[in-house]
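S.K.: The primary structure of each chain is shown beneath.
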Amino acid sequence: MNTDLAGNQQIIEITYLIASVLFILSLKWMSSPATAQRGVRAGEIGMVLAIAGTLLHHGIVDYKWIAIALVLGSGIGIPLGMVHMTAVPQRTALSHAFGAFCVTLVGTAEFYLRTPNVPRFMMAVLSMEVILGSLTFTGSLMAAGKLQEILPQRPLTYKGQNFVNLSLLAASVAIAVYLVINPGAHQLFPVMIAVPLLFGVLMIVPIGGADMPTVISLLNSYAGLSAAAMGFVVDSKLLIIAGALDGSSGLILSIIMSKAMNRSFTNVLFGAFGQVQPSAVAGLEEKTVRSATPEEAAGILAAANKVVIVPGYGMAVAQAQHKVRELYDALTKRGVEVRFAIHPVAGRMPGHMNVLLAEADIPYDRLIEMDDINGDFPQTDVALVIGANDVTNPAARTDTGSPIFGMPILDVDKARTVMVIKRSMSPGFAGIDNPLYYLDKTLMLFGDAKAFVNSIVHELSGNTH
Amino acid sequence: MLAAFIGFEVIRRVSPLLHTPLMSLTNALDAIAVVGAIVLVGEHKSTLSFVFGFLAVVAATSNVVGGFLITDRMLKMFKSSRPTKP
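Protein sequences, first through last, are from chains R and V.
Read in this note's numbering, the first sequence has 79 at position 79, and its numbers run on one by one without any break.
Read in this note's numbering, the second sequence has 1043 at position 43, and its numbers run on one by one without any break.
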C-alpha cells in the first residue's frame, strides 16, 4: 500500500514536470505566428497531463463532484471561447476575474483548513495570494463591465482618490503583516479579503477606455502573481512556474503599454490612471476643417501608389474590419500598395487591432508596427485613419502643454495626404483636441466607419466596371 | 524565480502581433490553479473547503477551456500573404 502511494506520488511529480516543460515551450512557440499553434497544442497537452496527474493524488476520495465541476466549467468555458473577436478585451478581463476568483477561494479554504497553525512563511504567501486575488477579481470585473459598456467608460475621479486607494492597499498589507505575526487572529481574515475587494473596484473607477490595454496587462500580471503565491501555499512547483510565467508576461506587456503611452511604470503600478484632464477642450477656437465625400476619397485613394491605413478603436466599435478588408482588396487589385500601421495601444488591449484585422483575413505581414512604419510616412501618398485619434495626434510631438506630450505616435501628418474617418469633430477619449484635423492636407470623412468604407469600396469597384 | 526569469526572456521575444493570443494563452495556463482546487474538492476536508474548491474548479476549468479555444481560434486567423499570393 505504502509503496503504491509513493509510486503514485512519483507519477504525479513526473506529469507535473512534463507539464511545466510543455508550458514553457508553449510560450516559446508563441513568439512567431508560424509556430504559435504548436504552442497552443503544447499548452493543452500540458494541462491535460497535469489534471490527470492530480486526479491520482492519494488524498482524493470524491471524484463525482470533481467531474461535475469540470463539466460545469467546460460548459461556461466553451461559450466564452466562442465570443466575437471584438469582444475579446472584455472576455480577457472576465477570465482574469475567474482566475483570480479561483485563487482567492482556494487561498481562503486553505487558510481555514490550517488556522490557527499557519507557519509564518505560509501565512505571508497566503496573504499575498488572497490580496492580489481579490483585488484582481473585482478589478477585472469592473474592467470587463467598462469594456462591455455596462458601466460608464468615462473615468470617474474625485479629490483624494489616490490617497483613499493607497490607504486601502496599505490597510490590507497591514492586516497581512499582523496575521503573519498572529496567525490565530482568524477573525481578521475576512477583512483582509474585503478590503482588497473594495480596492479593486476603486482602482478601476478612475480609468478610461484608452488606458485599458495597460490595465488589462496589469491585472493579468496580478492574476499570475497570485497564482504563483498559491503555488507556494499548496506546494506545487507547476503552479509557481505557470503563475510566474503569467505574471511576468503581464508585467512585460504592461511595461510595453505604459511606454507606448509615455506613462512611467510607477504611475501605472499605483493605479494612477486617467489623470489626463480634458483641459485642452477649453482652447477650442473656430478652426476650419476640410471634409470630403466618399467619391472624392475613392478618387484620391485610386490615384495613390502607397496607402497606409491606421486603424483604431473606432474601427472595432463600428465592426468595420471586414469592410476595411474589402477596401484593401479593391486597392490592391488596382496596384496600390496598402499597409496597416498598428500603434501598440490602439484598441482596448495589447494586440487588439492585429486580431481584428487577422479576423478579416488581412495577411499579418501587412500589419506594421509603429517603429517600423513611421519612417515611411513621408513617402506615403495617403494615410487613411479609421477611428484612431490620440495615437495620431501630432501635439504629442510638439505641444509641451498637451496632456499626451511625449507619447510616441504614428506620424501620419507626414504623409502627403491624410484622410480621417470620424463620426464627428468631438475630441477623442482623452478629451484632447487633435491639430491633425486642421492641417491643409487633411480631409475629414465624416460618418460611421463601416458605412463610409463601404461607400468608398463601392465607388472603387464602380469605376473598374 | 527561475520561471519568472525564463518567462521574461521568452515573452520579450513575442511579436506585438501576437500580444492578444499570448495573453489568452497565459490565462489558460494560469488556470492550472485548478489542480489545487481539485485536491480541495477531492479531499473534502470541510464543507467550506469543499464548496470553495468546487466553485474554484468551475471557474478555472472555464478559463482552461475558454482560453485554449479562443487562442486557437485567433491563431487560425493569422495568415501570411506569402503562401496564398505567390
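Please note that the accuracy of each hint is not assured.
What the hints assert, rightly or not - If the Cβ cut is set under 7 Å, some of the chain R residues that face chain V in the computed set are:
hint, residue
1, S31
2, I45
3, H84
4, S95
5, G99
6, C102
7, P190
8, N220
9, D235
10, L239
11, A292
12, P350
13, N354
14, A358
15, E359
Stated by the list, open to error - Only pairs whose alpha carbons sit at most 30 Å apart, straight line, appear in this in silico DSBU-like list of lysine-lysine:
hint, chain 1, residue 1, chain 2, residue 2
16, V, K1045, R, K306
17, V, K1076, R, K306
18, R, K333, V, K1045
19, R, K28, R, K259
20, V, K1045, R, K28
21, R, K333, R, K414
22, R, K64, R, K28
23, R, K333, R, K259
24, R, K159, R, K64
25, R, K306, R, K333
26, R, K28, R, K237
27, R, K414, R, K306
28, R, K414, V, K1045
29, V, K1076, R, K64
30, R, K64, R, K259
31, R, K306, V, K1079
32, R, K333, V, K1076
33, V, K1045, R, K450
34, R, K237, R, K333
35, R, K237, R, K64
36, R, K159, R, K306
37, R, K259, V, K1079
38, R, K441, R, K414
39, R, K237, V, K1079
40, R, K441, R, K306
Hints in this document: simulated from the structure, not taken from any laboratory.
Where a beta carbon is used, it is the ideal one built from N, C-alpha and C, also for glycine.
S.K.: Taking the hints in turn, state whether each one holds.
M.R.: Consistency of the hints with the structure:
1. S31: This interface hint holds because 5 Å falls under the 7 Å limit.
2. I45: violated (11 Å)
3. H84: The hint is violated - H84(R) has no Cβ within 7 Å of chain V, the shortest such distance being about 10 Å.
4. S95: holds (5 Å)
5. G99: holds (5 Å)
6. C102: holds (4 Å)
7. P190: violated (12 Å)
8. N220: For N220(R), the interface hint holds, since the closest Cβ of chain V sits about 6 Å away, which is under 7 Å.
9. D235: violated (10 Å)
10. L239: holds (6 Å)
11. A292: Since chain V brings no Cβ nearer than about 30 Å to A292(R), farther than 7 Å, the hint is violated.
12. P350: Nearest chain V Cβ about 4 Å off; hint holds.
13. N354: With a closest approach of 5 Å, the N354(R) hint holds.
14. A358: holds (4 Å)
15. E359: With a closest approach of 5 Å, the E359(R) hint holds.
16. K1045(V) / K306(R): The given pair, whose Cα atoms are some 68 Å apart, is violated under the 30 Å limit.
17. K1076(V) / K306(R): Holds, at roughly 29 Å.
18. K333(R) / K1045(V): violated (68 Å)
19. K28(R) / K259(R): Roughly 24 Å between the alpha carbons, so the hint for K28(R) and K259(R) holds.
20. K1045(V) / K28(R): violated (39 Å)
21. K333(R) / K414(R): With Cα atoms ~26 Å apart, K333(R) and K414(R) stay inside 30 Å; holds.
22. K64(R) / K28(R): violated (36 Å)
23. K333(R) / K259(R): With Cα atoms ~38 Å apart, K333(R) and K259(R) exceed 30 Å; violated.
24. K159(R) / K64(R): violated (53 Å)
25. K306(R) / K333(R): holds (13 Å)
26. K28(R) / K237(R): holds (19 Å)
27. K414(R) / K306(R): holds (13 Å)
28. K414(R) / K1045(V): Given that 30 Å is the threshold and the Cα spacing comes to 67 Å, the pair is violated.
29. K1076(V) / K64(R): violated (36 Å)
30. K64(R) / K259(R): violated (49 Å)
31. K306(R) / K1079(V): Roughly 22 Å separates the two Cα atoms, so the pair holds.
32. K333(R) / K1076(V): With Cα atoms ~25 Å apart, K333(R) and K1076(V) stay inside 30 Å; holds.
33. K1045(V) / K450(R): violated (57 Å)
34. K237(R) / K333(R): Violated - the C-alpha atoms of K333(R) and K237(R) are around 55 Å apart, more than 30 Å.
35. K237(R) / K64(R): Cα-Cα ~27 Å, so holds.
36. K159(R) / K306(R): violated (49 Å)
37. K259(R) / K1079(V): holds (28 Å)
38. K441(R) / K414(R): holds (10 Å)
39. K237(R) / K1079(V): violated (36 Å)
40. K441(R) / K306(R): Since the Cα atoms of K441(R) and K306(R) sit roughly 16 Å apart, the hinted pair holds (cutoff 30 Å).
When held up to the earlier numbered hints, the structure conflicts with 2, 3, 7, 9, 11, 16, 18, 20, 22, 23, 24, 28, 29, 30, 33, 34, 36, 39 and fits the remainder.
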